[in-house]
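J.: Input sequences plus hints: build the corresponding full structure.
Protein sequence lines correspond, in order, to chains D and Y. Residue 353 in full-length UniProt numbering sits at position 353 of the first sequence, with consecutive numbering throughout. Residue 236 in full-length UniProt numbering sits at position 236 of the second sequence, with consecutive numbering throughout.
Any given hint might turn out to be false.
Same chains, same names: a pair is fine if it fits in one copy or spans any two.
Unchecked claim - Result set (DMTMM-like, lysine to aspartate or glutamate): computed pairs, CA atoms no more than 20 Å apart in a straight line: (1) K149 to E487; (2) K373 to D183; (3) K392 to D47.
Hints were generated in silico from the structure; no laboratory data involved.
There are 2 protein chains.
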Amino acid sequence: MSAGVTTGRAAEVLVLRDGDDVGVATRDIAPGDTLPGVDAAPLVAVDAVPRGHKVALRDVPRGAGVHKYGQVIGVATTDITAGSHVHAHNLGYEEGRREHELGGTHTELAVPDGPRPTFRGYRRADGRVGTRNFIAILTSVNCSASTAKMIAAQFPSSVLAGFENVDGVIPLTHQSGCGLVPDSEGGAMLLRTLRGYAAHPNISAVLVLGLGCEMVLTSQLATRDGGGAFLGMPSVGAPGAPDAAERMGVLADIAADTLVQSLTIQETGGVRATVRAGVEAVRAMLPVVNQRTREDVDVSELVLALNCGGSDGYSGITANPALGWASDRLVAYGGTSALAETPEVFGAEHLLTRRAQRPEVAQKLLDRLEWWKAYAAAGNGSLDNNPSPGNKAGGLTTILEKSLGAVAKGGQADLAQVYEYAEPMAPHEGFVFMDTPGYDPVSVTGLVAGGATVVVFTTGRGSVFGCRPAPSIKVATNTEMYTRMAEDMDVNAGRIVDGTATLEQVGQEIFDLILAVASGEQTVSEELGIGVEEFIPWHVGTVT
Amino acid sequence: MSAGVTTGRAAEVLVLRDGDDVGVATRDIAPGDTLPGVDAAPLVAVDAVPRGHKVALRDVPRGAGVHKYGQVIGVATTDITAGSHVHAHNLGYEEGRREHELGGTHTELAVPDGPRPTFRGYRRADGRVGTRNFIAILTSVNCSASTAKMIAAQFPSSVLAGFENVDGVIPLTHQSGCGLVPDSEGGAMLLRTLRGYAAHPNISAVLVLGLGCEMVLTSQLATRDGGGAFLGMPSVGAPGAPDAAERMGVLADIAADTLVQSLTIQETGGVRATVRAGVEAVRAMLPVVNQRTREDVDVSELVLALNCGGSDGYSGITANPALGWASDRLVAYGGTSALAETPEVFGAEHLLTRRAQRPEVAQKLLDRLEWWKAYAAAGNGSLDNNPSPGNKAGGLTTILEKSLGAVAKGGQADLAQVYEYAEPMAPHEGFVFMDTPGYDPVSVTGLVAGGATVVVFTTGRGSVFGCRPAPSIKVATNTEMYTRMAEDMDVNAGRIVDGTATLEQVGQEIFDLILAVASGEQTVSEELGIGVEEFIPWHVGTVT
Ligand SMILES: [Ca+2]
Ligand SMILES: [Ca+2]
Ligand SMILES: [Ca+2]
Ligand SMILES: [Ca+2]
Ligand SMILES: [Ca+2]
Numbered sequence: 001m002s003a004g005v006t007t008g009r010a011a012e013v014l015v016l017r018d019g020d021d022v023g024v025a026t027r028d029i030a031p032g033d034t035l036p037g038v039d040a041a042p043l044v045a046v047d048a049v050p051r052g053h054k055v056a057l058r059d060v061p062r063g064a065g066v067h068k069y070g071q072v073i074g075v076a077t078t079d080i081t082a083g084s085h086v087h088a089h090n091l092g093y094e095e096g097r098r099e100h101e102l103g104g105t106h107t108e109l110a111v112p113d114g115p116r117p118t119f120r121g122y123r124r125a126d127g128r129v130g131t132r133n134f135i136a137i138l139t140s141v142n143c144s145a146s147t148a149k150m151i152a153a154q155f156p157s158s159v160l161a162g163f164e165n166v167d168g169v170i171p172l173t174h175q176s177g178c179g180l181v182p183d184s185e186g187g188a189m190l191l192r193t194l195r196g197y198a199a200h201p202n203i204s205a206v207l208v209l210g211l212g213c214e215m216v217l218t219s220q221l222a223t224r225d226g227g228g229a230f231l232g233m234p235s236v237g238a239p240g241a242p243d244a245a246e247r248m249g250v251l252a253d254i255a256a257d258t259l260v261q262s263l264t265i266q267e268t269g270g271v272r273a274t275v276r277a278g279v280e281a282v283r284a285m286l287p288v289v290n291q292r293t294r295e296d297v298d299v300s301e302l303v304l305a306l307n308c309g310g311s312d313g314y315s316g317i318t319a320n321p322a323l324g325w326a327s328d329r330l331v332a333y334g335g336t337s338a339l340a341e342t343p344e345v346f347g348a349e350h351l352l353t354r355r356a357q358r359p360e361v362a363q364k365l366l367d368r369l370e371w372w373k374a375y376a377a378a379g380n381g382s383l384d385n386n387p388s389p390g391n392k393a394g395g396l397t398t399i400l401e402k403s404l405g406a407v408a409k410g411g412q413a414d415l416a417q418v419y420e421y422a423e424p425m426a427p428h429e430g431f432v433f434m435d436t437p438g439y440d441p442v443s444v445t446g447l448v449a450g451g452a453t454v455v456v457f458t459t460g461r462g463s464v465f466g467c468r469p470a471p472s473i474k475v476a477t478n479t480e481m482y483t484r485m486a487e488d489m490d491v492n493a494g495r496i497v498d499g500t501a502t503l504e505q506v507g508q509e510i511f512d513l514i515l516a517v518a519s520g521e522q523t524v525s526e527e528l529g530i531g532v533e534e535f536i537p538w539h540v541g542t543v544t
Numbered sequence: 001m002s003a004g005v006t007t008g009r010a011a012e013v014l015v016l017r018d019g020d021d022v023g024v025a026t027r028d029i030a031p032g033d034t035l036p037g038v039d040a041a042p043l044v045a046v047d048a049v050p051r052g053h054k055v056a057l058r059d060v061p062r063g064a065g066v067h068k069y070g071q072v073i074g075v076a077t078t079d080i081t082a083g084s085h086v087h088a089h090n091l092g093y094e095e096g097r098r099e100h101e102l103g104g105t106h107t108e109l110a111v112p113d114g115p116r117p118t119f120r121g122y123r124r125a126d127g128r129v130g131t132r133n134f135i136a137i138l139t140s141v142n143c144s145a146s147t148a149k150m151i152a153a154q155f156p157s158s159v160l161a162g163f164e165n166v167d168g169v170i171p172l173t174h175q176s177g178c179g180l181v182p183d184s185e186g187g188a189m190l191l192r193t194l195r196g197y198a199a200h201p202n203i204s205a206v207l208v209l210g211l212g213c214e215m216v217l218t219s220q221l222a223t224r225d226g227g228g229a230f231l232g233m234p235s236v237g238a239p240g241a242p243d244a245a246e247r248m249g250v251l252a253d254i255a256a257d258t259l260v261q262s263l264t265i266q267e268t269g270g271v272r273a274t275v276r277a278g279v280e281a282v283r284a285m286l287p288v289v290n291q292r293t294r295e296d297v298d299v300s301e302l303v304l305a306l307n308c309g310g311s312d313g314y315s316g317i318t319a320n321p322a323l324g325w326a327s328d329r330l331v332a333y334g335g336t337s338a339l340a341e342t343p344e345v346f347g348a349e350h351l352l353t354r355r356a357q358r359p360e361v362a363q364k365l366l367d368r369l370e371w372w373k374a375y376a377a378a379g380n381g382s383l384d385n386n387p388s389p390g391n392k393a394g395g396l397t398t399i400l401e402k403s404l405g406a407v408a409k410g411g412q413a414d415l416a417q418v419y420e421y422a423e424p425m426a427p428h429e430g431f432v433f434m435d436t437p438g439y440d441p442v443s444v445t446g447l448v449a450g451g452a453t454v455v456v457f458t459t460g461r462g463s464v465f466g467c468r469p470a471p472s473i474k475v476a477t478n479t480e481m482y483t484r485m486a487e488d489m490d491v492n493a494g495r496i497v498d499g500t501a502t503l504e505q506v507g508q509e510i511f512d513l514i515l516a517v518a519s520g521e522q523t524v525s526e527e528l529g530i531g532v533e534e535f536i537p538w539h540v541g542t543v544t
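T.: Quick look at the structure:
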């Protein structure tokens with residue numbers, strides 16, 4: 001047994017970390033039931049403990065912290081006897097007790113013995129490594145979305161048959177690009193997201209497609225020093241490009257080996273003419289992009305995105321901690337692994353701030369949470385991450401416990417950096433956090449814009465999420481759903497609660513699959529062709 | 001000459017309404033140039049007047065109101081001589097002078113002699129009349145968007161060849177449905193929009209498609225008394241439907257002859273199983289929907305949406321007033337015609353309030369403008385509808401003049417009603433206003449959700465907009481753009497400024513085309529297959 005992860009001790013009581021005071025009942029327990037031993041001694045249930053609820057593994061005196069996930073989830077409000085049901089009647093959490101430690105904890109992650117893992121990736125001119133090799137049609141505004149889809153539709157797999165190294169031609173369409181204030185926070189965020197995709201290492205060529213009178217200019221999306229022209233073809237939409245880019249004070253850091261071509265519908269003469277010109281542009285890109293080949297690269301070149309959607313009572317005890325194991329392993333090897341979904345840590349942010357490597361990293365997270373308070377207030381709402389009645393019925397007692405279940409995706413590694421939505425994430429950075437909503441497509445779009453090259457997505461209810469151009473591995477939290485939706489799932493972490501696999505075993509399986517997928521193995525969502533509709537830049541601010 | 005509309009007096013000076021004090025120069029005018037007569041007497045230019053700018057048609061004493069579009073656009077700040085350039089140097093507008101008359105003006109619209117126009121429409125069970133006959137796949141959440149597109153992709157025109165009365169199978173996908181607060185203003189607005197499409201008279205059958213764990217429930221979208229089952233097939237997603245609908249306090253008023261079927265991906269067993277079930281459901285709908293036929297109905301059954309995008313200096317003097325002529329004609333016959341795009345009247349709202357039939361209608365518009373002030377402030381922005389430097393260079397002097405150019409789409413009819421975004425609009429209502437953003441796809445989505453069955457869209461820069469299931473007629477404001485993008489335009493209103501057609505002639509042409517299109521004639525955007533990507537419900541509020 002390694003790194004504080006419990007092996008498959010029990011199908012009846014799941015202990016998430018050695019030293020925890022509570023385990024999770026995986027079946028309804030009756031008083032007097034004998035439970036598998038913890039610390040060698042057999043445990044006898046004192047109370048009835050419903051499935052998914054907590055049972056005390058040892059005596060905890062009143063006032064002492066109660067540990068789950070190796071962390072304090074609250075304080076015993078009475079003396080708790082081993083074998084008791086632990087819930088709101090004997091476990092409390094006082095909001096006022098929370099301290100925002102700016103760093104302070106440090107977790108040493110051991111690098112396993114043996115050769116370092118590698119994967120077969122695309123080394124790009126800027127040094128980053130891609131896991132796929134796509135041509136993207138990137139739209140500056142919704143007005144060019146239909147045209148982008150028409151161009152992409154001319155390149156089905158049958159047409160791409162002669163270009164085996166090309167993963168596809170993907171339209172990246174969205175619903176904005178006009179009716180917004182370009183200099184606003186929302187305008188800057190949209191621009192950052194679109195430019196992040198243009199610069200993504202999984203995209204080797206980009207056709208930027210605009211209408212012509214939109215607020216977001218095609219020239220803002222894929223400019224670089226030396227201009228955006230490709231193969232001597234004039235960049236039709238870009239006569240005013242330098243001025244426009246200078247006006248916004250931005251120049252995209254797009255790899256020198258990314259082919260770039262721009263078109264606007266108005267200058268090209270309408271939809272049909274633009275489809276013809278766009279198809280011609282993509283046809284010219286195909287043989288160049290097809291020459292790109294995979295090579296062996298070190299595991300530390302990966303930028304992993306962690307996410308979850310359609311969570312259930314098993315998420316925090318199966319799929320999320322197993323993913324956390326894989327994340328810690330990648331971080332141990334020197335890669336980058338990004339947690340996100342800020343609303344899910346809201347109110348329990350010290351779970352992350354105390355892991356910060358430097359105080360300013362912790363402070364940046366606290367600043368983002370202040371931003372969220374204002375954002376929610378402006379929308380006449382508030383953020384409430386407290387356990388809902390449904391959460392409580394399922395066995396979650398405190399906000400700490402609930403947030404720990406979500407944060408478990410990020411393992412135990414120190415927090416190296418906090419990024420804003422769609423900010424470029426550095427490779428070789430370690431464990432990082434990106435500020436995104438919890439809403440799946442919006443969160444993952446930000447992470448991919450930031451450069452994530454593989455996504456792992458845990459789901460309890462059964463998400464069918466995918467996100468091109470980055471492959472997305474879906475991990476089921478429970479066997480019932482996995483069985484029902486087997487065609488949509490890559491991994492079954494439900495085996496942890498079934499007692500047929502340990503957290504470590506599933507974690508290793510996820511880690512190995514990340515490498516295989518990074519090397520080209522298709523995820524189920526890729527086989528299904530899912531991942532274009534799910535490109536959704538976060539929209540912040542007013543639509544006018 | 002009828003109803004205050006000027007016939008083709010001039011290519012050099014365009015007079016928008018009899019009695020106007022100013023005309024618009026359609027070429028650069030030099031001092032001493034003789035201009036076509038106004039009120040019989042010849043006019044000699046006193047100043048240089050740039051193209052698009054205003055020239056005084058008669059003397060206007062200092063302090064008098066200056067009329068354009070038959071309305072006061074400002075006050076003479078000096079004595080103005082006939083033939084002078086009229087702009088910021090001699091025309092002013094004081095913000096403080098604005099009064100919000102709650103009604104007060106009334107325009108009598110004469111019904112032309114002769115038989116009443118009719119069109120060939122689909123009379124639906126609820127009495128409304130459709131102009132198309134679609135099967136829609138309506139998604140409750142982005143998570144089912146890819147699956148919806150896969151189902152629709154199984155019904156290309158070749159497959160529909162045997163079903164001549166079916167216009168198509170359209171996926172209506174969007175980017176929300178989760179990560180929002182269902183009880184919030186934004187949640188209610190999304191639900192209203194989706195339900196408006198489910199109830200649209202151009203949709204004869206709806207397959208509601210959800211994932212299963214989203215916040216917007218499939219059962220909220222297409223429930224009605226008697227349940228949503230179709231042809232005895234169980235409505236898979238709807239076991240809890242009545243409860244869920246009751247919980248939200250809403251029951252859609254969907255016509256009794258609309259076929260309804262619901263599926264969720266989680267209950268159906270994943271993407272592939274849902275595609276199979278969805279394709280089967282649509283196949284069963286096809287022969288039923290194909291039995292629907294067109295019949296002669298009165299013109300007053302039309303619900304027209306007015307919109308513009310990519311405006312230019314010609315919008316307010318060619319396409320918009322010509323569309324206003326057609327709108328007034330429809331209103332005269334007793335139809336409904338809806339103006340929208342609130343930011344474009346912001347600051348000049350009395351142009352509409354004084355046309356209100358009842359004070360409470362005017363007050364509702366003022367209430368919506370107050371809402372916009374708060375909306376913009378919450379997004380840290382402000383609404384500024386004043387003429388920009390570019391507008392001023394083009395010849396627009398005051399906010400009134402600029403807004404009049406936009407509002408000209410709505411003709412002169414009295415204002416019968418003000419609707420919130422996506423609210424169901426009553427037929428036979430007359431001229432109405434719907435509160436929407438100016439951003440084209442969001443504005444038109446609200447209008448179509450409200451029941452608009454034909455859209456007319458004016459554009460100067462060259463929009464390629466389309467919006468299924470409602471046909472959208474595109475009107476070019478200038479001949480140069482019309483010629484360049486002829487495949488994307490339905491009407492050229494640039495002829496008005498070329499002097500080759502009058503406002504009335506183009507207005508009549510638009511009116512006749514509305515009837516032809518309502519009867520089944522395809523618009524260019526329909527021929528191109530545009531109008532699915534452009535379904536964009538207005539997103540208001542926080543994404544979590
Ligand atoms: Ca989540
Ligand atoms: Ca999520
Ligand atoms: Ca407009
Ligand atoms: Ca518009
Ligand atoms: Ca519009």
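J.: All hints, please: hold or fail.
T.: To see whether the hints hold, each was checked on the structure:
1. Taking the shortest alpha-carbon separations for K149 and E487, only the inter-copy value of 18 Å comes in at or below 20 Å, while the best intra-copy value is 26 Å.
2. In the homo-oligomer, the alpha carbons of K373 and D183 lie at most 20 Å apart only across protomers (19 Å), although the nearest pairing inside one protomer, at 22 Å, exceeds that limit.
3. For a Cα distance limit of 20 Å, the shortest separation of K392 from D47 inside one copy, 17 Å, qualifies, whereas the shortest one across copies, 79 Å, does not.
In this structure, every one of the numbered hints holds.
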